[in-house]
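Hey, can you work out the whole structure from these sequences and the hints?
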Amino acid sequence: MKYHAFIMLFWVVSSAAIEPSFEIDGLIIDQTLSRVGHLFYEELLDDWDASNQSAGTITVRERSDPIAGNVIWIDVDDNVVYQGRISSRSSDIEEKAQSARNELKAYLQQNKDTMRNLEIY
Numbered sequence: 001m002k003y004h005a006f007i008m009l010f011w012v013v014s015s016a017a018i019e020p021s022f023e024i025d026g027l028i029i030d031q032t033l034s035r036v037g038h039l040f041y042e043e044l045l046d047d048w049d050a051s052n053q054s055a056g057t058i059t060v061r062e063r064s065d066p067i068a069g070n071v072i073w074i075d076v077d078d079n080v081v082y083q084g085r086i087s088s089r090s091s092d093i094e095e096k097a098q099s100a101r102n103e104l105k106a107y108l109q110q111n112k113d114t115m116r117n118l119e120i121y
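Residue 1 is where the sequence shown starts when you use our numbering, and the numbers rise one by one after that.
Derived from the structure by calculation, the hints contain no laboratory data. Just so it is clear, CB atoms sit at the ideal spot from N, CA and C, and this is done for glycine as well. Be aware that a few hints might be false.
Said to hold, decoys possible - So the derived label-pair ranges between C-beta atoms look like this: (1) R116 <-> P66: 40 to 46 Å; (2) V71 <-> E94: 17 to 23 Å; (3) E95 <-> G26: 24 to 30 Å; (4) T114 <-> D65: 29 to 35 Å; (5) S88 <-> T114: 35 to 41 Å.
Quick look at the structure:
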């Protein structure tokens, strides 16, 4: 009986670790790891206009790189839109976040235009 309970517990834990196969439009998810990554996320959303986002889930992710600082990237529904490095110094975070915000807005606008053109035809 203990063996079956262990198998059931293992199945529940392992299935919970699998990412869901659905997306909720309009979410902006922070999956950064460091203080600098969180600052980048906050700067990114500082002037964000929610009406700009038409579809998809935006995720801000971070991976540590001990040699060159942290790698940060933004994806929309698993499509990488921006990728860059941020150092542990927070002096250039505002500039990098502005650049990322501009690329993200351009991607979302292009996506919106494409969807509008598809509806016409």
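A range of 29 to 35 Å was offered for this pair. Does it hold for the Cβ distance of T114 and D65? Distance hint for T114, D65 holds at roughly 34 Å.
Return holds or violated for the Cβ distance of S88 and T114 against the range 35 to 41 Å. holds, 38 Å
Can you tell me whether the CB distance of R116 to P66 sits inside 40 to 46 Å? holds, 45 Å
V71 versus E94 beta-carbon gap, inside 17 to 23 Å or not: holds, 18 Å
Does the beta carbon distance between E95 and G26 stay inside 24 to 30 Å, or does it fall outside? holds, 27 Å
The structure meets every hint from the earlier list without exception.
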